[in-house]
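These are the residues of each chain, in order.
Protein chains: 4
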Amino acid sequence: MTSHKPAMSREELSAFLDREFPQIHFGGRTYHVEEVGPLFARLRMDYHERHLRPGGTLSGPAMMGLADLALYAAILAQIGPVALAVTTSLTFNFLRKPEPRALIAESRLLKLGKRLAVGEVAIRSEGHTDLVCHATGTYSIPERR
Amino acid sequence: MTSHKPAMSREELSAFLDREFPQIHFGGRTYHVEEVGPLFARLRMDYHERHLRPGGTLSGPAMMGLADLALYAAILAQIGPVALAVTTSLTFNFLRKPEPRALIAESRLLKLGKRLAVGEVAIRSEGHTDLVCHATGTYSIPERR
Amino acid sequence: MTSHKPAMSREELSAFLDREFPQIHFGGRTYHVEEVGPLFARLRMDYHERHLRPGGTLSGPAMMGLADLALYAAILAQIGPVALAVTTSLTFNFLRKPEPRALIAESRLLKLGKRLAVGEVAIRSEGHTDLVCHATGTYSIPERR
Amino acid sequence: MTSHKPAMSREELSAFLDREFPQIHFGGRTYHVEEVGPLFARLRMDYHERHLRPGGTLSGPAMMGLADLALYAAILAQIGPVALAVTTSLTFNFLRKPEPRALIAESRLLKLGKRLAVGEVAIRSEGHTDLVCHATGTYSIPERR
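Those protein sequence lines, which keep their order, are chains A, B, C and D. Quick note on the UniProt record's numbering: the first sequence kicks off at 1 and runs consecutively. Quick note on the UniProt record's numbering: the second sequence kicks off at 1 and runs consecutively. Quick note on the UniProt record's numbering: the third sequence kicks off at 1 and runs consecutively. Quick note on the UniProt record's numbering: the fourth sequence kicks off at 1 and runs consecutively.
Just chain A, with the same shape it has in the complex (with noise of 0.2 Å):
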């Protein structure tokens, strides 16, 4: 499978998700798309209030929406919104507690079919090297017109 380029740059999937998918910044803008590359892409998601649990640390339903969002966003760069991909499968490993900072995920695709890609996400605390969240997602690729 060649790496080609990806058919949108940061700043056009940036805007792309901010149209299509508002409702991803309810009570806050909080993700942030920091960079894509062939089959990659890169977010970032503040330590915002909405994504707490008591005592300050972010939760699970946040790190998995933002596992969701990054490869969502790796296979969207990559063949532009030509067909929306659906999510069919996704798989956590909740590795450490995360520090109170933002989370910085990591997705790369694994696989690039027609009907189907499979990725994983590395998601780490801000500034720090160990994983706090692992994941592999499959999505479905709709006929592209």
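Think of the hints as simulated: they come from the structure by calculation, not from any bench. A quick note: this is a predicted structure, and the numbers were derived from the prediction, not measured. All C-beta atoms in this analysis are idealised placements derived from N, C-alpha and C, irrespective of residue type, glycine included. Hints may be right or wrong, so weigh each one.
Under the rule of at most 30 Å between Cα atoms (straight-line distance), these lysine-lysine pairs were calculated in the DSBU-like manner [to be verified]:
1. Lys-114(B) / Lys-114(D)
2. Lys-111(D) / Lys-97(A)
3. Lys-114(B) / Lys-97(C)
4. Lys-97(A) / Lys-111(B)
5. Lys-5(D) / Lys-114(A)
6. Lys-97(B) / Lys-5(B)
7. Lys-114(A) / Lys-111(C)
8. Lys-97(A) / Lys-114(D)
9. Lys-5(D) / Lys-111(D)
10. Lys-97(B) / Lys-111(A)
11. Lys-5(B) / Lys-114(A)
12. Lys-111(A) / Lys-5(A)
13. Lys-114(B) / Lys-5(B)
14. Lys-114(B) / Lys-111(D)
15. Lys-5(C) / Lys-111(C)
16. Lys-97(D) / Lys-111(C)
17. Lys-111(D) / Lys-97(C)
18. Lys-97(C) / Lys-111(B)
19. Lys-114(A) / Lys-5(A)
20. Lys-5(B) / Lys-97(C)
21. Lys-114(D) / Lys-97(C)
22. Lys-5(D) / Lys-114(D)
23. Lys-97(B) / Lys-111(C)
24. Lys-5(C) / Lys-97(C)
25. Lys-114(C) / Lys-114(A)
Short, incomplete list of chain C residues facing chain D, as computed with Cβ under 10 Å [what the hints assert, rightly or not]:
26. Glu-20
27. Gln-23
28. Phe-26
29. Arg-29
30. Thr-30
31. Pro-54
32. Gly-65
33. Leu-66
34. Leu-69
35. Ala-83
36. Val-86
37. Thr-87
Knowing the structure of chain A, use the given hints to seat chains B, C and D on it.
Chains B, C and D in isolation, oriented as in the chain A frame:
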């Protein structure tokens, strides 16, 4: 593995979640514990703006948060709040697009050991029989005092 | 999703597997199709030397092979051998040590679409009610002629 | 998490597996430990008749067995045979059809705690760069004496 009567009633569990995890109601009270039983819990998640994607579809992350809460609730109800379980892994299969209505999550523990609990969750649109989402999860149970 | 009568009987499915996948019997015939029904199959795997770990415990890989076969059988029985499904993903939870006896695997399809099938499998030791292993899997279904 | 030198060398690990798990070689010696490193192991599985499906394709169960062995090997090499890990869960994504040649599995531990170890495995056809199969797994580590 014998199925014992849970350590907490529906009301006790609901009050505990409200007290210890008020963040789940951030933006509006949408999660409700409908029933608890031996190794079992049933929760309802309202069809609420904060859980939606454009077009009015309940989002994947909303369903993932519901599944995690339902499994956590089943464990907590069974053993009581003597040791709070921590999610170690979750796997989701998104099967069908949900209806524009509440979701019902039924969680069932497949194993409740001294150190780990494993359960599955079936999520359906209220009043419908087909599964919208199926999940399995593993939770780590700290040493119980 | 309506449950239709499967396209293949138990005997037809069993004969098809023997003919097209003789390798599953490499080292001894240990897999048996016991029953098929709408979106359902039940298989038995004998307690055989080739499936054991030291000490006589049935191995994880033996159980994983059984689960994959049970899901594949349920799909094949339902739609017939018009398009052969390919495993795209599998998740296993190993819950209890199996008994030194046969394993019974019951697979149930949660969704049977045009392009993907998703199912779950419950594996128990013959004669016992507690789950030994639980699995979910997704299979890709090629274009049907 | 600091990466320490493994407790076992490649030769020690290989000898231990041969001695304690002779069943993995049932039907022919096809698994080989090629390298161990901090939180890492690389294994090779030969292209052998017993691992094949009709048409000569390496089977899913053969790949699943290889992945489980590779993760187990990485854990064992790192902590030594003081407490033998038990597989609690595994998730597989089958990405591409393998080539008719040996498979190389590289396992990497994402977390090695006191009670649980989590790792991922990348499986490729020998000499090829594209992933054939990707897996993640969680292992329970009994109390170490």
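Verification of the hints:
The straight-line distance between the Cα atoms of Lys-114(B) and Lys-114(D) is roughly 15 Å, inside the 30 Å bound, and the hint therefore holds. About 12 Å separates the Cα atoms of Lys-111(D) and Lys-97(A), which keeps this hinted pair within 30 Å; it holds. In summary, the hint linking Lys-114(B) to Lys-97(C) is supported, as the alpha carbons are separated by about 15 Å, within the 30 Å threshold. Under the criterion of a C-alpha separation no larger than 30 Å, the hint pairing Lys-97(A) with Lys-111(B) is consistent with the structure, at around 24 Å.
About 43 Å separates the Cα atoms of Lys-5(D) and Lys-114(A), which puts this hinted pair outside 30 Å; it is violated. Using a Cα cut-off of 30 Å, the hinted pair Lys-97(B) and Lys-5(B) is violated, with the two alpha carbons roughly 35 Å apart. Straight-line distance between C-alpha atoms of Lys-114(A) and Lys-111(C) comes to about 21 Å, which keeps the hinted pair within the 30 Å bound. Distance check on the hinted pair: Lys-97(A) and Lys-114(D) sit about 15 Å apart at the alpha-carbon level, within 30 Å; holds.
A threshold of 30 Å between alpha carbons decides the hint, and for Lys-5(D) with Lys-111(D) the separation of about 15 Å falls inside it, so the pair holds. Distance check on the hinted pair: Lys-97(B) and Lys-111(A) sit about 24 Å apart at the alpha-carbon level, within 30 Å; holds. Of the pairs offered as hints, the one joining Lys-5(B) and Lys-114(A) is violated, with about 50 Å between alpha carbons and a cut-off of 30 Å exceeded. The straight-line distance between the Cα atoms of Lys-111(A) and Lys-5(A) is roughly 15 Å, inside the 30 Å bound, and the hint therefore holds.
Between Lys-114(B) and Lys-5(B) the alpha-carbon distance is near 17 Å, which keeps this suggested pair within the 30 Å criterion. Distance check on the hinted pair: Lys-114(B) and Lys-111(D) sit about 21 Å apart at the alpha-carbon level, within 30 Å; holds. Taking the CA atoms of Lys-5(C) and Lys-111(C), the gap is about 15 Å. The hint holds against a cut of 30 Å. For the given pair, Lys-97(D) sits about 24 Å from Lys-111(C) by alpha-carbon distance, which is consistent with the 30 Å threshold.
Pair hint Lys-111(D) plus Lys-97(C) holds up; C-alpha atoms about 24 Å apart against a cutoff of 30 Å. For a cut-off of 30 Å, the pair hint linking Lys-97(C) to Lys-111(B) stands: about 12 Å separates their Cα positions. About 17 Å separates the Cα atoms of Lys-114(A) and Lys-5(A), which keeps this hinted pair within 30 Å; it holds. Between Lys-5(B) and Lys-97(C), the direct Cα distance comes to roughly 25 Å. Compliance with the 30 Å bound is thereby established for this hinted pair.
Distance check on the hinted pair: Lys-114(D) and Lys-97(C) sit about 21 Å apart at the alpha-carbon level, within 30 Å; holds. The hinted pair formed by Lys-5(D) and Lys-114(D) meets the criterion: a straight-line CA distance of about 17 Å does not exceed 30 Å. With a C-alpha separation of about 12 Å, the suggested pair Lys-97(B) and Lys-111(C) falls inside the 30 Å cut-off, and the hint holds. Our distance criterion of 30 Å between C-alpha atoms is broken by Lys-5(C) and Lys-97(C), whose separation comes to about 35 Å.
Restraint check: the Cα-Cα separation between Lys-114(C) and Lys-114(A) comes to about 15 Å, which is no more than 30 Å; the hinted pair holds. Taken as an interface hint, Glu-20(C) checks out: its beta carbon lies about 6 Å from the nearest beta carbon of chain D, inside 10 Å. Nearest Cβ of chain D to the Cβ of Gln-23(C): about 6 Å, under the 10 Å cut. The hint holds. Of the supplied interface hints, the one on Phe-26(C) holds, with its beta-carbon coming within about 6 Å of a beta-carbon of chain D, less than 10 Å.
Annotation: Arg-29(C) was flagged as interfacial toward chain D, and the flag is violated, the nearest CB pair being 15 Å apart, outside 10 Å. Because the smallest distance between the Cβ of Thr-30(C) and any Cβ of chain D comes to about 13 Å, over 10 Å, the interface hint for this residue is violated. Checking Pro-54(C) against chain D by beta carbon gives a least distance of about 6 Å; that is within 10 Å, so the hint holds. The closest approach between the C-beta of Gly-65(C) and any C-beta of chain D is roughly 4 Å, which is under the 10 Å cut-off, so the hint is satisfied.
The beta carbon of Leu-66(C) comes within 9 Å of a beta carbon in chain D, closer than 10 Å, and the hint placing it at the interface holds. Annotation: Leu-69(C) was flagged as interfacial toward chain D, and the flag holds, the nearest CB pair being 8 Å apart, inside 10 Å. Violation of the interface hint for Ala-83(C) is found here, the shortest Cβ-Cβ separation to chain D being roughly 16 Å, above the 10 Å cut-off. With a cut of 10 Å, the hint placing Val-86(C) at the interface with chain D holds, because the nearest CB-to-CB distance is about 8 Å.
Given hint, Thr-87(C) at the interface with chain D, holds; its Cβ is 5 Å from that chain's nearest Cβ, closer than 10 Å.
Comparing the model with each numbered hint stated earlier shows that hints 5, 6, 11, 24, 29, 30 and 35 do not hold.
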